[in-house]
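Asker: Listed here are the chains, written in short residue letters.
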Amino acid sequence: MFNTNSLVYLIGLPLFGATFLLLAGRKVDKWGHILATVLSGSAFIVGVDQFFQMANRAPEDRAITQVLFSWINVGTFNVDAALLLDQLSICFVLLITGVGTLIHIYSIAYMSHDENRRRFFAYLNLFIAAMLLLVLGNSYLNLYVGWEGVGLASYLLIGFWNQKPAYATASKKAFIANRVGDMGLSLAIMIAFATLGTVSFAGVAEKSHTASQGALTAIGIMLLVAATGKSAQFPLQAWLGDAMAGPTPVSALIHAATMVTAGVYLIVRSNFIFDAAPTAQLLVVIIGAITLMFGAIIGTAKDDIKKALAASTMSQIGYMVLASGLGPVGYAFAIMHLLTHGFFKAGMFLGAGSVMHGMDDEVNMRKFGGIRLFMPITFVTFGLGYLAILGVPPFAGFYSKDKIIETAFYSGGIKGILIGSVALLGAGITAFYMSRLMILTFMGTPRYTEDKNPHESSFLILLPMAILAIGSVASGFLLSHGNALVNWLSPLFEMTEETENEIMPPIVISSLALVFVAAGFALAWKMYARSAVSNTAPTDVSIFTKAARRDLFQDDFNEAVFMRPGQLLTKTLVSTDELLVDGTVRGIGKAAIGSGNLLRTTQTGFVRSYAALILIGAISLIAAIWVVTQ
Amino acid sequence: MNYLTTLMLLPILGAVLIALLPKSQGLFAKYAALVTTILVAVLTVVMAREFIRDSTDLQFVESYDWIKSFGIKFAVGIDGIALVLILMSVILTPIVILAGWNESEGGRWSVKTFYILILILEAMVIGVFAASDVFLFYVFFEAMLIPVYFLIGGYGSGARTAAAVKFLIYSLFGGLLMLASIIGLYVISGQQGDHTFDLQTLSTLQISSTTQNLLFLGFFIAFAIKAPLFPFHTWLPDAAAAGTPGTSVLLLGILDKVGTFGMIRYCLTLFPDATKTFTPVIIVFSVISILYGAFLAIGARDIKRLIAYTSISHFGFITLGIFAMTTQGHSGATLYMFNHGFSTAALFLVAGWMISRRGSSTISDFGGLQRITPVMAWSFFLAGMSSLALPGLSSFVSEFLVLVGTYTRYPAAAIIATFGIVLAALYILIPVQKALHGPTSPGNENLSDLNLREKIAIAPVMAAIVFLGFYPAPLLNVINPIAQHTIAQLGFTDPVPTNGGK
Amino acid sequence: MTFTAPVLSYQLLSPILIVLGGALIGVLVEAFVSRKLRPIAQLSLTIGTLLLALFQVFTIRNSQSTTAAMGSVVIDGPAVLMQASILVISILAAFLIADTENFVPVAAAVPGSEDERRAIQSGQTLTEVFPLTLFAVSGMMIFPIATDLITLFVALEMLSLPLYLMAGLSRRRRLLSQESALKYFLLGAFSSAFFLFGAAYLYGYSGSVSFEGIRIAIAGGSGNDIILLIGIAFLSVGLLFKVGAVPFHAWSPDVYQGAPTPVTAFMAAATKVAAFGAMLRIFYTAFANAQWQWRPLLIVISIITMLFGSLVAIAQRDVKRMLAYSSIAHAGFLLAGVIALNKAGLEGSIFYLFAYGVATVGAFGVVTLVRDSTGEVTDLNRWAGLGKRSPWVATIFAGFLLAFAGIPLTSGFIGKFAIFSAAYEGGSKSIVIAGVLSSAIAAFFYIRVIVLMFFTDPQEDGTSVVIPSILTRATVVICFVVTIALGVFPSPLLDSIKTLAIFIR
Amino acid sequence: MNSANYLYLSALLFTLGAVGVVVRRNAIVVFMCIELMLNAANLSFVTFSRINGNLDGQVVAFFTMVVAACEVVIGLAIIVTIYRSRRSASVDDASLLKR
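Protein chains in written order, with the numbering used here: chain A, 154 to 783; chain B, 12 to 513; chain C, 6 to 510; chain D, 1034 to 1132.
Hints are supplied without guarantee of correctness; some may be wrong.
A few chain A residues that face chain B, going by a derived Cβ cut-off under 10 Å, partial list only [stated by the list, open to error]:
| no. | residue |
| --- | --- |
| 1 | Met207 |
| 2 | Gly312 |
| 3 | Ala347 |
| 4 | Gly566 |
| 5 | Ile570 |
| 6 | Gln707 |
| 7 | Phe710 |
| 8 | Glu731 |
Listed below are the simulated DSSO-like cross-link pairs for lysine-lysine, each with C-alpha atoms no more than 30 Å apart in a straight line [unchecked claim]:
| no. | chain 1 | residue 1 | chain 2 | residue 2 |
| --- | --- | --- | --- | --- |
| 9 | C | Lys41 | B | Lys79 |
| 10 | A | Lys183 | B | Lys466 |
| 11 | A | Lys743 | D | Lys1131 |
Think of the hints as simulated: they come from the structure by calculation, not from any bench.
We put the beta carbon where it would ideally sit given N, CA and C, even for glycine.
The whole structure should be built from the sequences, with the hints applied where relevant.
Answerer: Listed below in structure tokens is the structure:
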């Protein structure tokens, strides 16, 4: 049905949708969203077809590349517009188109009351297209296009309701933070070209052995910077929380399931660089570890349900980044967690959306409570996702997260123990804040005001949630059954048979993890189920809570270190330009006029002074000549 | 067929025709000007199709004696770079006329005068890019100023007179420095053979290094003022803010390119050694311009000034690319000139429409336009995106080429310059947020959206921006050969992959 | 050089003789022709004479002779070119002078006195100005071709004395006019005293009054250098005074302003040609071998002159004064041609002199047109908005200003280029730098005037542009056309200059 | 007698004249000073003619006298008109044109 150049359709269909919907204008408001959904769906079908074709091929020739045209060709800098579909990218293709389509469906109902629904779907399609380009590009430069494309889409979607100044600011913040990351990416590409003379994945992979340690480390670090920007990793994490300004489906798709995981993709895709640059790899691990704690801690204090989920996303991606820093063994697990997380986090976001829908867009969990009675389905689906993220066997999270913790411990030495325990602790905290969220929202007694009447959402909203819930239950098992995913991906990585230094058997680790999770749950239960919860955030709280509520002062830090000095610098330069640079020019002009006025005073009007002038002139001529001749 | 002279004569004829019209025939003058410029554009495209891509020497060469006793010839001929720039100019001019359909009214003088000036300017611009005789180039370079001067001073707004004078004085000063250098060249050519201004001949002169440096400076400062490069830029914001949007497009989009074009065509060709001497300094100033312009743009309150400052930053990139002395940098820089022409045109035209509707050019006076005038807002947004070099839009290709090309030779400069892309995001998104987003601020409620004429005017620009973003090959194929040639002439070869010194 | 048969070749001298004759007839006309007919008679006489002389010059254009007047004048290419330029400029200026509006009816009458009023009422007009012009022209024609000190001195006085008088003939602002006459006369006489004294010392040094003799003496190097140098210095004072170089410039602004505008036009343009003609000949032939002594000095003077003229011009509020200072600046540029001391320098100077002269006449011609009830308006501020009132006049004036500023496609640019490239070739780069700088400064005030005319709204103060008389209009238009033509197609003139411009000894 | 002395004399007279022009106010006197300078020049011409032993210098002297005479005519005419309209022959009064 499709041949290889159907790779173009993958991107082409949603891209067409976006362009068409944007250009067509209000005329197509009636059916625009349907078109968008259909296009995204068909992209998914193409993806599935590709998957089966690929599965039927021998592992070594599963990857297919399709050159569209020569994009930039200057001297030795030759970049084709080419697509690469291999075991790694197919995973993403399926995730993006699959979850994407579900969220299209969800949005049809969710955005039904919004007058700009057409534009919303146009953006969604634009995002799908850009994201697919990101994962399908066969060179860093092609990836870069998708990379900024998704940034653009996320900017547009976060700012979808930009008539609210705060939202507009949030979108801008996201774009800027991403741009900082992009800087890293472009620098990485420049270094790669300058040192290796190529920017295609294949080319770099092949040449990476010839390159010096330093160069590779530099590239690696720059790629990491890029990843931190896109995946909201420390220190560029600040934008993600505000990004929740966007409509909930957006948060589900872009800021939970797909875009924010692009950083992980980039690192895994660049495995050949990181494998050869231990320093960079170590940095990856550290960043991941920091972020997973960072997110987890913030998560414990958020009352805004979406922000809580966002914090959790941050932390979960921390897990993935950490894993991807653990070398060949880690990559697969990172991807696995990425996929499972895609299911359950998206599911939970949609659930949150459904709740908000039922509570006329209330987001403060303290104003929820006991909603399970009114929204059973939402409750169940959300609950499954909840169990998954906690890592309760046999739900999805259990397989993926445990593997990561395991690998962390096994990565050896102090480092292993350190990051292992961080991951472990993270799991505990995750359990705490997720239970807190669960309890505050669905359990206990209602705390919302009378005028609200919680009600279950419509079918179109529930369907995607249900499907994702199934994913949150099953995906983990399926992916890890007989190391399915690991074997699937292994041809891409140089599996080094590293010494399994089992400081403790896997079973111990798993049970340890469960203990931590249980502890976290217990604490949450004690704090929020056993004791009454006020519907306003208590102010008499520990400094830690305050810090967590303020996102560990991330914004304050950025303001103090970047914004204010930046504004100051701008002001200074503006005045410098006015006074110094332009001033000099004007000064010269004034000087000329002034000297003119001064000199014209020699023109006294008296004949005798003129005569004197002539006389002096004559005398000085004589004098001068005399000097010259002497 | 003598394409180039025809191209120059056509606008002149149009100008004469319009001049013969009675004052009352304003509308007819507009159509006449539009038709003429479109004809010129078409003819240029026809010429471009005959252009032989892979040859690096001048094509469509014509040469007539002009002032024999000084060895001055009316000699024209174009290489890939000139072709691209002429294309840009002749395509933008009709768009400007169409977009600024009513700019010509309410000036100091009649409507037809406006179009006479525009047409004369177009002829001069074609001449300045096509000239292959240094003296002829200089004549166009200077004469070009006069129409612009009257366009700004006669049809502009605000402190138009002061701005016009500032522009003229600045440029004249630069021009005179260049004249001194040209005289120097002329005399030296006389000492080493017949007096001549033929570019090729002059480039073979043996010039002592000190003289060469001085002559180089004469040319370079003139071009740096035109381009404009920090610290010679302060005329630009005033002029751009005072001129009509159309004038400003011609000014930033086309005229300023003469500066960067001159650097390639004259500074590099005539003074290879001096070029090498000064390259480090120029690199530094380019980088400064990039960041400096960006910061000023961030700090700007007036939307026209903002765009002007962004251009300063962009010209920093262009000079950086030129003096990086790599194929990528060179091609990138040339492509950048073309793309900058279009993205700035888009930005300025839309800004002009916003201003004329709102009656103010202060960014903070706008607000929530996206809801009232979606098409206009979108056009502005897209133009802005291309100005911040969003991948997939034309300016990305050029900007990235410049950066890559620079990195291979001057890593430090490239790294610093890269900060420019973050600043770019700021200086575009800040006005976007203030003007397009947020609640509809008072005074904007009933602004009208773009009408058909304006849509027709902006559509090709947008199309070009997007198309060339995905498929720049048509231009690059024309630019690459000459770029490689120039680099080779200067005795440079692209750095080979270093493997990081392993 | 050998003196052969002591004869005058009238053919070669005919242009001068014609002009002189015309002048004398003019005197007779003054005496005998009726008052009614006088103006037209004088005008036609003058124009006729000048045209005839011009024709004669044309006929002798290729002849060369050092013996035309027993070695006291030389006829060669430069001579022909200078005389031709002077004649052309004089014709144009004569058209302006023909507009007797500008002249006092009775020069002798006391300003504001009864008989002046009567004179005006009786509608009598002053016509002496025509013979005076012709006398001055004849002096100017001899000045650049003189080859001995006597002729040089006589010619100098011949061209000066009539001008002294003409400066005082303005109908309005009589006091200023007379004052300018007085200043011009006293300072002129003062400087010519220096000139003469210098001449005496040159004679003393060389034992000959002929340039050739002086040249040989200098080449021989015998004799007392100090005497020679005093000679050169003082002679130069006289010449530099005439061209208005700093510090001998002081007279020009006052005289330019006070004199009747047509006269100003005439002397600004024609005198410069004559004076520089003489200067070029002397310094290129007689003093050439002493260049190491005088060149540095002239370089300094030239630079000072350029900068001074340009700077002070910025500060002027009166059109005529501004033009005066700009002419000082141009004197500086022209000196560069003298300093160049090569063929290119000579060619450039001749071209520049002609181009500048034409543009100057045109510019002052425009000045005569801008008037109010009390006569010419020279206050710059009242020129505001001229572009609105009468776009054509404003455009033409702008054209002249751009030519002065040396913008391409005007004659001024070609001139500047020619002169500066010659100077550069002559090895004085400093001049080129200074020239470029002062040109930038100069541009500043030319542009200011253009701004005033075009970008400033007129205030209603009765300033208006009179419909020019056919002659004035002709002058202005011709000058404008020539100015542009020389900017676009200078080749014909440049080529003929190239072939002709060789000093013969 | 050493003819150089005549030169010194003429130089002295010239200087006197020049200084006179600068210091005296009355137009007539100023003019006379100029005449003095001219004649100083004449003196040196004659002297040089003596030294050089040819007559050119003396010829010049005659010419100078004639020219000087013409100058007197013109000069007095101008000075008289000025005097009539201003009732003063002081050159300092004629200073309306300045700057």
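Asker: Looking back at the numbered hints, which does the structure fail to meet, lowest number first?
Answerer: Per hint list: 1, 4, 5, 6, 7 and 9 violated.
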